[in-house]
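Peer 1: These protein sequences, in sequence, are chains B and X. Residue numbering for the first sequence follows the working numbering, starting at 1031 and increasing by one per position. Residue numbering for the second sequence follows the working numbering, starting at 876 and increasing by one per position.
These are calculated hints, taken from the structure and not from any lab test. Note that beta-carbon positions come from the ideal geometry of N, C-alpha and C, so glycine has one too. Certain hints may be false.
Derived pair list, reagent style DSSO-like, types lysine-lysine, alpha-carbon separation capped at 30 Å [claimed, not checked]:
(1) Lys1310/X / Lys1146/B
(2) Lys1013/X / Lys1183/X
(3) Lys1025/X / Lys1013/X
(4) Lys961/X / Lys1227/X
(5) Lys1150/B / Lys1218/X
(6) Lys1150/B / Lys1338/B
(7) Lys1295/X / Lys1146/B
(8) Lys1025/X / Lys1212/X
(9) Lys1068/B / Lys1150/B
(10) Lys1213/X / Lys899/X
(11) Lys1183/X / Lys1238/B
(12) Lys1068/B / Lys1213/X
(13) Lys1204/B / Lys1310/X
(14) Lys1310/X / Lys1218/X
(15) Lys1183/X / Lys1150/B
(16) Lys1013/X / Lys900/X
(17) Lys1068/B / Lys1295/X
(18) Lys1295/X / Lys1335/X
(19) Lys1204/B / Lys1218/X
(20) Lys1295/X / Lys1150/B
Label pairs and their calculated CB-CB ranges [unchecked claim]:
(21) Leu1250/B / Phe1028/X: 46 to 52 Å
(22) Val1054/X / Thr1049/B: 52 to 58 Å
(23) Ile1303/X / Leu1084/B: 38 to 44 Å
(24) Glu1389/B / Leu1333/X: 53 to 59 Å
(25) Gln1035/B / Ile1272/X: 33 to 39 Å
(26) Ile1303/X / Ala1083/B: 55 to 61 Å
(27) Leu1084/B / Ile1272/X: 57 to 63 Å
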Amino acid sequence: MSMEQYILMNHLDFPILSTTIFLPLIGAIIIMFMSNEKAIKTTAFFAGIITFALSLYLFSNFRSDTHLFQLGEHIPWIPAYNVNYLLGIDGITIFLILLTTILTPICVLCSWTAIKERMKEFVICLLVMETAMIGVFCALDFILFYIFWEAMLIPMYLLIAIWGGPRKDYASIKFFIYTLFGSVFLLVAIIALYLTNGTFNIPEAMFKGYSFTFQIWVFLAFAIAFAIKVPMFPFHTWLPAAHTEAPTAGSVFLASVLLKMGTYGFMRFCLPITPNASAYFAPLMITLSVIGIIYGGLVCLSQTDMKKLIAYSSVAHMGFVTLGIFSFTLFGFHGALLQMLNHGVTTGALFLCVGIIYERTHTREIMDNAGIGKIMPIYAGFFGFFSISAFAFPGTNNFVGEIYVLIGTFAHMKLAGFLAVVGAIIAAAYMLRLLKQIVWGREDQELIKDMNTREIVYLIPLVLFVLWIGLFPKPYVGVMEKTLTHLFNQLQTILH
Amino acid sequence: MLLLPELSIFFYAVICLFFSISRKKSGITPLAMLMSLAVFILTVVSFGSNGEIFSGAYKIDQFSQTFKIIISFGLCIVVLMIGKNKEIDDEYLPEYFMFLGLSTLGLMMLISSAELISIVISLEISSYSLYAIVPLRKSQTRIQLEASFKYLFFGAISSGIMIFGMSYIYGIAHSTFLVDIIPALVQFLDKPIGILAIVLTLTGFFFKLSLFPFHFWAPDIYEGASNNTTTFIATIPKIAAAALLIRISTLALPGPVQLVNIMMVLAAFSMTIGNLVGLVQKDIKRLLAYSGIAHAGYLMLGILSMNKEGFASSMFYITIYLFMNLACFYVIVLISKKGENVKIEDLAGLSKRSPLLALLMAVGAFSLAGIPPTGGFAGKLFLLTSAFRSGHLVIVIIGAVNTVISIFYYLNLVRMSYSKESESNEPINLSVSEKVMCYIIMLIVLYMGILPYGLLNLFKIAL
Chain B
1031 MSMEQYILMN HLDFPILSTT IFLPLIGAII IMFMSNEKAI KTTAFFAGII
1081 TFALSLYLFS NFRSDTHLFQ LGEHIPWIPA YNVNYLLGID GITIFLILLT
1131 TILTPICVLC SWTAIKERMK EFVICLLVME TAMIGVFCAL DFILFYIFWE
1181 AMLIPMYLLI AIWGGPRKDY ASIKFFIYTL FGSVFLLVAI IALYLTNGTF
1231 NIPEAMFKGY SFTFQIWVFL AFAIAFAIKV PMFPFHTWLP AAHTEAPTAG
1281 SVFLASVLLK MGTYGFMRFC LPITPNASAY FAPLMITLSV IGIIYGGLVC
1331 LSQTDMKKLI AYSSVAHMGF VTLGIFSFTL FGFHGALLQM LNHGVTTGAL
1381 FLCVGIIYER THTREIMDNA GIGKIMPIYA GFFGFFSISA FAFPGTNNFV
1431 GEIYVLIGTF AHMKLAGFLA VVGAIIAAAY MLRLLKQIVW GREDQELIKD
1481 MNTREIVYLI PLVLFVLWIG LFPKPYVGVM EKTLTHLFNQ LQTILH
Chain X
876 MLLLPELSIF FYAVICLFFS ISRKKSGITP LAMLMSLAVF ILTVVSFGSN
926 GEIFSGAYKI DQFSQTFKII ISFGLCIVVL MIGKNKEIDD EYLPEYFMFL
976 GLSTLGLMML ISSAELISIV ISLEISSYSL YAIVPLRKSQ TRIQLEASFK
1026 YLFFGAISSG IMIFGMSYIY GIAHSTFLVD IIPALVQFLD KPIGILAIVL
1076 TLTGFFFKLS LFPFHFWAPD IYEGASNNTT TFIATIPKIA AAALLIRIST
1126 LALPGPVQLV NIMMVLAAFS MTIGNLVGLV QKDIKRLLAY SGIAHAGYLM
1176 LGILSMNKEG FASSMFYITI YLFMNLACFY VIVLISKKGE NVKIEDLAGL
1226 SKRSPLLALL MAVGAFSLAG IPPTGGFAGK LFLLTSAFRS GHLVIVIIGA
1276 VNTVISIFYY LNLVRMSYSK ESESNEPINL SVSEKVMCYI IMLIVLYMGI
1326 LPYGLLNLFK IAL
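The shape of chain B in the complex, shown without the other chains (with noise of 0.2 Å):
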């Protein structure tokens, strides 16, 4: 296959893709030369801005009127093994990319007086996680894609173990041995596909009608590596200690883009590559879903804890994400699409909100916190909004996902639809639970002082992201349409 078929080459006057991945890197690298902490600081804020104009000069210039990869950037690396630096985006990725520059700057100014001891290193670390995470939606090589799909475990375990609570040790050691667990045998996937195809490059990968017990094989081996990360049920056990432990920079970033890389992976190689085998396994996977939907919502009403309540809720929200992947329907792989980003929005400000209250009382539990409504009134509006945008109250941005994954779970299958319903319901309980508690559990709160400018500033774009994505979800819809149309088609043609 020649590569114009299934790739537009950048046609501005700089490899923007480049840019945008290596931007924060060279931040970190000019941050690493530095000692005032004021500067660093700063520094970091201002490298992750950068990248997210960039990101908008990016979208910008993507053209959502065809379904091919494009912007694409291509330099051969290791001729040897066919190996090559290959760059592109599509409908998939240009949201979690923006998704993700647009985070690092707000990570950046939550962590302003949060983080008390080595702000260097946390921010070298945050930067360089975002280069990896944007590599890892840019790659288009599946030799580069691991690279950056491991190289971001290295900074995610030292923002964990390094600047993590009281069981960090635990957390970043059993997140670092599951991920990797994963990630071995997608690479022993990579390199089947490698000798199969004889090259790494993934466009070429897709669609090539492999023999059924070759994609079965295959399929198992990228869904283990998938499925921890975003984590299903019953792989999901990493993630509340991780999301626990890790400072809150660590939790949004987990929660609301490393999550994301499980989804993506499912969207992007497991249906392309290999369609009959996950046709073969979807019941499978749907069961999976709905278990973890309501498994999920169900632990979530026991807890005490704000950290660990919410990163329970995002097993149940990935759940409706994988829901809608593989009801291998067209309105599925929207909503699913949409509720990637949703959940990104929503649960990033959760977290980020779970962080302010704890920067004030030292605690995460939510009896310590409860009943801050008449002293932070402004927090518990943001809280408030946020809470009932988790349980996809209409108007919300997780509404819109949500109703797109039931439609296309109905045409499917009524009984999984029916239970995605029921864990909808459990979802609403258990974030009005917390809502309650928060607001007006208690009567004898002292005094918090109230959010400051800094975190409201950091708060409103998500806010703006919540009610555009609920009110209007058209522009985002139509940016993503043709990608999943042609792979919906694709589908459809292989399938039937």
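Knowing the structure of chain B, use the given hints to seat chain X on it.
Peer 2: Chain X in isolation, oriented as in the chain B frame:
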């Protein structure tokens, strides 16, 4: 000029020997550093020479010269590592350097040997020098004496077994030249005697590589020998042993099934046992010994693929293995103030005491574990790919699973230095040259991970 590397290292040893009768023996250190650099440069200069001497018993080609460059570079770094913290009594320093040089000489000869007798002689030259320096360590204790005795005995036994095997080979082939032996041996491969001859002969190399089941010496010797000596033993003899294994395998193409199967079983056991036992180690050198056993198993993946890609990936792997081990050992050498062994707990708080060392340790550990973007990942990728290409899926999966097992103890090294606090936070002061060394090693490990192509191509051409 064919023997330029060998001659230069020989002169290095002779000069050290003369120094041993002088009064002021500590003056040898800067001289030895300079000379080892000179050896390295001369070896690089001699790259490209080609020829056979001693009627084909000694082969000088691109393959051997490439490995000689790597070995001399390794020696160079090991000698440069011997810095201010005197692990060896000044009195014995000249002899110490001499033996390091002689051992390197033996290994260089081993790489070029293409005949059984020269193989034995080179191997013994290198081994006997090492037997002599294992007990050289300040503050004599029983550990290093025990280690040196174990090394001597096990080494002698493995040499004995090897020579015994060679006698069978000679009986089968009526020749001591590898070129004649291999075709003659192929006809005997479905008979027990053929297999026995090969396996017994390879024992000597497996011993040097610390491959299962000849691995048991490694942990004790690593623990007993001084940190510098261990750095040498852990890296450079393995390069030479791997080189000769690869040379023998290239002659044996296409690999006989029986031999491949044996290698596969040994590789699987080596990886698994090395990593499992590594999990419970407390002393970093012992841990690295078990990690070395596991890595010997990984290395076999490339050799048992029995094709050019496989050999090139093994060569790549042994090279990156040298550098990632140098990274870890250099940290050990610099942390231990009086040359004592370093426990894993001693790493606690390292990131505060010396961020550079903590980073170097992290890069080394992640590379050993095979996490991108380090060279260890590139090496492992090439190994797994070539083994997979040859159809050995089982061993690929065993290797992949072993990566997960091993990450636990490698991560422990990083975890200790980054997330544990220590009681004493006194900073470790590094001199400029030490810092430069740290950066050089780190950059090489990262370079081999990010741009592995040039080196891999070089190895492929050299084969």
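Peer 1: Next step is simple, just say for each hint if it's right about the structure.
Peer 2: These are the hints, each one checked on the structure:
1. Between lysine 1310/X and lysine 1146/B the CA atoms are separated by roughly 28 Å; this keeps the pair inside 30 Å, and the hint holds.
2. Restraint check: the Cα-Cα separation between lysine 1013/X and lysine 1183/X comes to about 46 Å, which exceeds 30 Å; the hinted pair is violated.
3. With a C-alpha separation of about 19 Å, the suggested pairing of lysine 1025/X with lysine 1013/X holds against the 30 Å cut-off.
4. Of the supplied pair hints, the one linking lysine 961/X and lysine 1227/X holds, its CA atoms being roughly 25 Å apart against a limit of 30 Å.
5. For the proposed pair lysine 1150/B and lysine 1218/X, the alpha carbon gap of about 28 Å is at most 30 Å, so the pair holds.
6. This hinted pair checks out: lysine 1150/B and lysine 1338/B have alpha carbons roughly 28 Å apart, not beyond 30 Å.
7. Restraint check for lysine 1295/X and lysine 1146/B: satisfied, since their Cα atoms lie roughly 17 Å apart, inside the 30 Å limit.
8. A hinted pair counts as satisfied when its Cα atoms are at most 30 Å apart, and lysine 1025/X with lysine 1212/X qualifies at roughly 27 Å.
9. About 10 Å separates the Cα atoms of lysine 1068/B and lysine 1150/B, which keeps this hinted pair within 30 Å; it holds.
10. As the CA atoms of lysine 1213/X and lysine 899/X are separated by approximately 21 Å, the hinted pair is consistent with the 30 Å bound.
11. Using a Cα cut-off of 30 Å, the hinted pair lysine 1183/X and lysine 1238/B holds, with the two alpha carbons roughly 29 Å apart.
12. Of the pairs offered as hints, the one joining lysine 1068/B and lysine 1213/X is violated, with about 40 Å between alpha carbons and a cut-off of 30 Å exceeded.
13. About 33 Å separates the Cα atoms of lysine 1204/B and lysine 1310/X, which puts this hinted pair outside 30 Å; it is violated.
14. Taking the CA atoms of lysine 1310/X and lysine 1218/X, the gap is near 23 Å; set against the 30 Å cutoff, the hint holds.
15. Using a Cα cut-off of 30 Å, the hinted pair lysine 1183/X and lysine 1150/B is violated, with the two alpha carbons roughly 46 Å apart.
16. Proposed proximity of lysine 1013/X and lysine 900/X is supported: the alpha carbons are some 16 Å apart, at most 30 Å.
17. This hinted pair checks out: lysine 1068/B and lysine 1295/X have alpha carbons roughly 26 Å apart, not beyond 30 Å.
18. As the CA atoms of lysine 1295/X and lysine 1335/X are separated by approximately 44 Å, the hinted pair breaks the 30 Å bound.
19. Simply put, lysine 1204/B and lysine 1218/X have alpha-carbon atoms about 23 Å apart, close enough for the 30 Å limit, and the pair holds.
20. Distance check on the hinted pair: lysine 1295/X and lysine 1150/B sit about 18 Å apart at the alpha-carbon level, within 30 Å; holds.
21. The given range of 46 to 52 Å is respected by leucine 1250/B and phenylalanine 1028/X, whose C-beta atoms sit roughly 49 Å from each other.
22. For valine 1054/X paired with threonine 1049/B, a C-beta distance near 55 Å keeps the hint of 52 to 58 Å intact.
23. A hinted range of 38 to 44 Å holds for the C-beta pair isoleucine 1303/X and leucine 1084/B, which are about 40 Å apart.
24. Between glutamate 1389/B and leucine 1333/X the beta carbon distance is about 54 Å. The supplied range of 53 to 59 Å therefore holds.
25. At roughly 34 Å, the beta-carbon separation of glutamine 1035/B and isoleucine 1272/X lies within the given 33 to 39 Å, and the hint holds.
26. Taking the beta carbon of each, isoleucine 1303/X and alanine 1083/B are about 42 Å apart, not inside 55 to 61 Å as hinted.
27. For leucine 1084/B and isoleucine 1272/X, the hinted distance range of 57 to 63 Å is not satisfied, since their beta carbons lie about 42 Å from each other.
Hint compliance for this structure: hints 2, 12, 13, 15, 18, 26, 27 are not met, and every other hint is.
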